[in-house]
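Okay, here's what each chain looks like letter by letter:
4 protein chains.
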Amino acid sequence: MSYDSLLIKDSDRVLIVTEKRKRYLVQVREGKKFHCSEGFIDTTQLIGRPFGCRVTSNTGSRWVVLNPTLADRVMFFPRTTQVVYPKDIGYIIVSSGVGPGCRVLEGGTGTGVLTSILAYLVRPYGKVYSYDVKDEYLEAASLRLRQLGLDKYVELKHGDIGVDVAETDLDAAIIDVPEPWKAVERCYSCLKPSGVWVSVSPTVEQVVQTFEALDEVGFSDTSCVELLLRNIRVKRGMTRPEFIMRGHTTFIVSARKTVKD
Amino acid sequence: MSYDSLLIKDSDRVLIVTEKRKRYLVQVREGKKFHCSEGFIDTTQLIGRPFGCRVTSNTGSRWVVLNPTLADRVMFFPRTTQVVYPKDIGYIIVSSGVGPGCRVLEGGTGTGVLTSILAYLVRPYGKVYSYDVKDEYLEAASLRLRQLGLDKYVELKHGDIGVDVAETDLDAAIIDVPEPWKAVERCYSCLKPSGVWVSVSPTVEQVVQTFEALDEVGFSDTSCVELLLRNIRVKRGMTRPEFIMRGHTTFIVSARKTVKD
Amino acid sequence: MSYDSLLIKDSDRVLIVTEKRKRYLVQVREGKKFHCSEGFIDTTQLIGRPFGCRVTSNTGSRWVVLNPTLADRVMFFPRTTQVVYPKDIGYIIVSSGVGPGCRVLEGGTGTGVLTSILAYLVRPYGKVYSYDVKDEYLEAASLRLRQLGLDKYVELKHGDIGVDVAETDLDAAIIDVPEPWKAVERCYSCLKPSGVWVSVSPTVEQVVQTFEALDEVGFSDTSCVELLLRNIRVKRGMTRPEFIMRGHTTFIVSARKTVKD
Amino acid sequence: MSYDSLLIKDSDRVLIVTEKRKRYLVQVREGKKFHCSEGFIDTTQLIGRPFGCRVTSNTGSRWVVLNPTLADRVMFFPRTTQVVYPKDIGYIIVSSGVGPGCRVLEGGTGTGVLTSILAYLVRPYGKVYSYDVKDEYLEAASLRLRQLGLDKYVELKHGDIGVDVAETDLDAAIIDVPEPWKAVERCYSCLKPSGVWVSVSPTVEQVVQTFEALDEVGFSDTSCVELLLRNIRVKRGMTRPEFIMRGHTTFIVSARKTVKD
Numbered sequence: 235m236s237y238d239s240l241l242i243k244d245s246d247r248v249l250i251v252t253e254k255r256k257r258y259l260v261q262v263r264e265g266k267k268f269h270c271s272e273g274f275i276d277t278t279q280l281i282g283r284p285f286g287c288r289v290t291s292n293t294g295s296r297w298v299v300l301n302p303t304l305a306d307r308v309m310f311f312p313r314t315t316q317v318v319y320p321k322d323i324g325y326i327i328v329s330s331g332v333g334p335g336c337r338v339l340e341g342g343t344g345t346g347v348l349t350s351i352l353a354y355l356v357r358p359y360g361k362v363y364s365y366d367v368k369d370e371y372l373e374a375a376s377l378r379l380r381q382l383g384l385d386k387y388v389e390l391k392h393g394d395i396g397v398d399v400a401e402t403d404l405d406a407a408i409i410d411v412p413e414p415w416k417a418v419e420r421c422y423s424c425l426k427p428s429g430v431w432v433s434v435s436p437t438v439e440q441v442v443q444t445f446e447a448l449d450e451v452g453f454s455d456t457s458c459v460e461l462l463l464r465n466i467r468v469k470r471g472m473t474r475p476e477f478i479m480r481g482h483t484t485f486i487v488s489a490r491k492t493v494k495d
Numbered sequence: 235m236s237y238d239s240l241l242i243k244d245s246d247r248v249l250i251v252t253e254k255r256k257r258y259l260v261q262v263r264e265g266k267k268f269h270c271s272e273g274f275i276d277t278t279q280l281i282g283r284p285f286g287c288r289v290t291s292n293t294g295s296r297w298v299v300l301n302p303t304l305a306d307r308v309m310f311f312p313r314t315t316q317v318v319y320p321k322d323i324g325y326i327i328v329s330s331g332v333g334p335g336c337r338v339l340e341g342g343t344g345t346g347v348l349t350s351i352l353a354y355l356v357r358p359y360g361k362v363y364s365y366d367v368k369d370e371y372l373e374a375a376s377l378r379l380r381q382l383g384l385d386k387y388v389e390l391k392h393g394d395i396g397v398d399v400a401e402t403d404l405d406a407a408i409i410d411v412p413e414p415w416k417a418v419e420r421c422y423s424c425l426k427p428s429g430v431w432v433s434v435s436p437t438v439e440q441v442v443q444t445f446e447a448l449d450e451v452g453f454s455d456t457s458c459v460e461l462l463l464r465n466i467r468v469k470r471g472m473t474r475p476e477f478i479m480r481g482h483t484t485f486i487v488s489a490r491k492t493v494k495d
Numbered sequence: 235m236s237y238d239s240l241l242i243k244d245s246d247r248v249l250i251v252t253e254k255r256k257r258y259l260v261q262v263r264e265g266k267k268f269h270c271s272e273g274f275i276d277t278t279q280l281i282g283r284p285f286g287c288r289v290t291s292n293t294g295s296r297w298v299v300l301n302p303t304l305a306d307r308v309m310f311f312p313r314t315t316q317v318v319y320p321k322d323i324g325y326i327i328v329s330s331g332v333g334p335g336c337r338v339l340e341g342g343t344g345t346g347v348l349t350s351i352l353a354y355l356v357r358p359y360g361k362v363y364s365y366d367v368k369d370e371y372l373e374a375a376s377l378r379l380r381q382l383g384l385d386k387y388v389e390l391k392h393g394d395i396g397v398d399v400a401e402t403d404l405d406a407a408i409i410d411v412p413e414p415w416k417a418v419e420r421c422y423s424c425l426k427p428s429g430v431w432v433s434v435s436p437t438v439e440q441v442v443q444t445f446e447a448l449d450e451v452g453f454s455d456t457s458c459v460e461l462l463l464r465n466i467r468v469k470r471g472m473t474r475p476e477f478i479m480r481g482h483t484t485f486i487v488s489a490r491k492t493v494k495d
Numbered sequence: 235m236s237y238d239s240l241l242i243k244d245s246d247r248v249l250i251v252t253e254k255r256k257r258y259l260v261q262v263r264e265g266k267k268f269h270c271s272e273g274f275i276d277t278t279q280l281i282g283r284p285f286g287c288r289v290t291s292n293t294g295s296r297w298v299v300l301n302p303t304l305a306d307r308v309m310f311f312p313r314t315t316q317v318v319y320p321k322d323i324g325y326i327i328v329s330s331g332v333g334p335g336c337r338v339l340e341g342g343t344g345t346g347v348l349t350s351i352l353a354y355l356v357r358p359y360g361k362v363y364s365y366d367v368k369d370e371y372l373e374a375a376s377l378r379l380r381q382l383g384l385d386k387y388v389e390l391k392h393g394d395i396g397v398d399v400a401e402t403d404l405d406a407a408i409i410d411v412p413e414p415w416k417a418v419e420r421c422y423s424c425l426k427p428s429g430v431w432v433s434v435s436p437t438v439e440q441v442v443q444t445f446e447a448l449d450e451v452g453f454s455d456t457s458c459v460e461l462l463l464r465n466i467r468v469k470r471g472m473t474r475p476e477f478i479m480r481g482h483t484t485f486i487v488s489a490r491k492t493v494k495d
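Chains as they are written, first to last, in our numbering: chain C, 235 to 495; chain B, 235 to 495; chain Y, 235 to 495; chain U, 235 to 495.
Treat the hints loosely; a few may be bogus.
Treat identical chains as interchangeable: a pair holds within one or across any two.
Said to hold, decoys possible - Quick list of in silico lysine-lysine cross-link-like pairs, DSS-like style, CA-CA up to 30 angstroms:
1) 243 with 494
2) 386 with 256
3) 368 with 416
4) 254 with 386
5) 469 with 256
6) 386 with 361
7) 267 with 254
8) 243 with 267
9) 469 with 368
10) 391 with 256
11) 386 with 469
12) 368 with 494
13) 254 with 494
14) 469 with 494
15) 267 with 494
16) 256 with 368
17) 267 with 361
18) 368 with 391
19) 494 with 266
20) 254 with 368
21) 391 with 267
22) 361 with 256
Bear in mind the hints are in silico, worked out from the structure with no lab data behind them.
Just so you know, these numbers come straight off a predicted model, no measurement behind them.
So that you can see chain C by itself, here it is in the shape it has in the complex (with noise of 0.2 angstroms):
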């Protein structure tokens, strides 16, 4: 990555955190004005600027613009279903074993959110396959991947996760809807041996479920977890945990695939 790089250039997406803290995901545009309920920029001025730099709006409130992260990216993508949290992410990503070259299949697409993450980590040489069966999601997704340079990584396939994938030997399957179970079967064919499920629900039933239907068709070693998250206010004399915080994301349900020979 040159230094140029670090510049700011017209049509740019920047990360705004303002004062109070408050994210915003802005395209930088030549006359384009940015608004929040802390002022106004006018985002001509970032242009040649370099990433990191600091702004002050209107009424005087202190910004700083920095490069956006790939997790600060997908965080701005429209919820149109529920999103996988970064902290669930995380641990999707180092239980799967996701990185460079793995072959993923997804199931769901959704918003696109775990896509665009499984697809940076399996770059250059790595695929995605996903699938969903709402044409809108998929073409939403499209647009997403390739805005972010993404999309050679990506196959996004319209169909069934639980009837008609069609890759085999896969690494790892993330899975990602209302009902695991009935994609157990079909998934347990794709995956290479040893390979990795893992699927993401928000309920206790669901869980039981998928448990049972991955018992029956030879995965093993399934283990179930849930994480929270708690954010820590810190400043000296003041230190305690954020009274806000969300109490429940979803459970995440790992197994590996076993094969009789």
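Based on these hints, arrange chains B, Y and U on the given structure of chain C.
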């Protein structure tokens, strides 16, 4: 990855999961027996069989033999220092944005758990620069990285993270040392604008001191989180969170480099 | 308690729980209507009906009309100060050993939430000595205690808990002031040997400073805990922890008075 | 309580907290030594000294000798069944509204931990009616209640909580049996209108089944919570949550009796 790589070979390391869900990382060798509290097997019998196969110990206990993921393998590194847990590693990865091609600073190397995961993820064109003040840690980490085939993605360097780091324009700095605040100034110089700082510390006072140093030197968007992992026992009619739980591992501090222009 | 007391009378306070699980403390009065976002009822119709009865609002929403427990009632006290939550109150009661006949010091009185619960529990022969430096808090608490019929179990006193407390041989001191460490020495004198200190503070630094004062003055067996409460949505096929959760309320410090003999 | 009661007498039970924070409930006796991993003391020396005194073991370890609270004492009851933890007891007390004068149903008696706390709180005019199907539990609980001087506030009864309960107009029913749903109908009849049901169950499926029974029989305002207790190690410069934590104890279900009139 060819199909052959899915057959277990002499000297391969396998992950054995027993009927009672105990986990062992075992090196397969002609003529070698593996013993645990649930009996023994002769590992010779595993050679030529596929990963994911099932075996029965001499006492009738049923085990599965898996191809260990990287996360599986690092959990068996000798614990000479406090290790970073998978739940925290996942969050570090997502919040730092580390992926293929990234150039990452790590300090200190410690047991090499995080070094290995970072090396795995920056492949094939990125690099991890990992510093430690103890030669014995660097030597042990070097050996383990070679065993994992990850050594070419890491430069292990003897030195103090707060003083000796020479690299510049790095994407992220991942800091796990007792006094992270002493590394803040040096890391600021090493990171590219908008680059990411992530540090882990078990105590509140370390976090407060780190926050103050980050603020003073010119980092912004600083935050601190803590992750609680609950294991869920899933069994129809008997589903509940597990009674045993880790109460605390570490706080995770992240921040972004800002610049004056 | 006679059966008559189970029929709702004019001017009784009732707890109304709506179909959407909103909770309201309502005083019944001849001719008075109660309105909320789910419609209204005329409270006249409640007079003479039993607690626990069901009513239907003008919009067809189905509500239940309960006899509020003390915990229900205190949750509706005006929140002029940060209140102590039921989960924390329960832990304070059990760890302090407060029960019938106990003589308890409280500081400060604040909104009187904890004062009311303590008064209820020390009946009929015990006493709560509750101090506050603000007259308006004492007056408001006095009114509420009379409404609850608990005033004769409490002596409300204007004064600084760290200076003015005159009682001796108390069983427990329950401290909810911004600087509990300033009350430690005075409370030591007021407690009987082996008596219990319990204080609540939201920040880590308050807890550290309190521990140091307790140790210096002659308390022992000092501990600090934090309670996280998760609400569970229970519905067959859809059971999961609630998405909304309080991330932090307070730390609870407890200790025991030791003596030199 | 007179001052004399604050001097330790022969045959008193004391709570010894050692330098390493181990806790022991010890009966003082002329000529009896108490041994633990941190050395021994002769308990004779404690007679006539005040509760809260400090002693030194033969190995130089410094201990404190406290007057055990009721919560301290019940934690040393033999654990023949799964006990209810103080954090959960506290929440049960507050949500059930149990206090002086209340008439409370308990089922089952089990080890008598909760029975003892309830008995302590309903004094001097209330009563706990505690049922169990096992005679040996009732006998052991009877002995412990006498030791604590609480036996006159409890009627221990042999019987099935779902069938045999004869009392009526009770304020609350506290249920800790494996199949609480079988007790719902009987408890409905025993409670006065608007009376409180509280049950504890470790698994999700028990909770779901209990909710359905409560709804069917005529309870309302039903809720389910879970409490997580974190111990905090407080030491300036080294403050953090403890590494060891109980991951789960029980879910707490509460509900209110509604009536048709």
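Here is how each hint holds up against the structure:
no. : hint         : verdict
1   : 243 with 494 : between (56 angstroms within a copy, 18 angstroms between copies)
2   : 386 with 256 : neither (33 angstroms within a copy, 41 angstroms between copies)
3   : 368 with 416 : within (17 angstroms within a copy, 45 angstroms between copies)
4   : 254 with 386 : neither (38 angstroms within a copy, 43 angstroms between copies)
5   : 469 with 256 : within (18 angstroms within a copy, 34 angstroms between copies)
6   : 386 with 361 : both (8 angstroms within a copy, 23 angstroms between copies)
7   : 267 with 254 : within (19 angstroms within a copy, 42 angstroms between copies)
8   : 243 with 267 : within (15 angstroms within a copy, 62 angstroms between copies)
9   : 469 with 368 : between (47 angstroms within a copy, 28 angstroms between copies)
10  : 391 with 256 : neither (36 angstroms within a copy, 39 angstroms between copies)
11  : 386 with 469 : neither (44 angstroms within a copy, 41 angstroms between copies)
12  : 368 with 494 : neither (36 angstroms within a copy, 47 angstroms between copies)
13  : 254 with 494 : between (58 angstroms within a copy, 20 angstroms between copies)
14  : 469 with 494 : between (57 angstroms within a copy, 24 angstroms between copies)
15  : 267 with 494 : between (63 angstroms within a copy, 22 angstroms between copies)
16  : 256 with 368 : neither (33 angstroms within a copy, 37 angstroms between copies)
17  : 267 with 361 : neither (39 angstroms within a copy, 39 angstroms between copies)
18  : 368 with 391 : within (10 angstroms within a copy, 51 angstroms between copies)
19  : 494 with 266 : between (62 angstroms within a copy, 23 angstroms between copies)
20  : 254 with 368 : neither (38 angstroms within a copy, 33 angstroms between copies)
21  : 391 with 267 : neither (38 angstroms within a copy, 47 angstroms between copies)
22  : 361 with 256 : neither (35 angstroms within a copy, 33 angstroms between copies)
The structure fails to meet hints 2, 4, 10, 11, 12, 16, 17, 20, 21, 22 from the earlier list, while all remaining hints are met.
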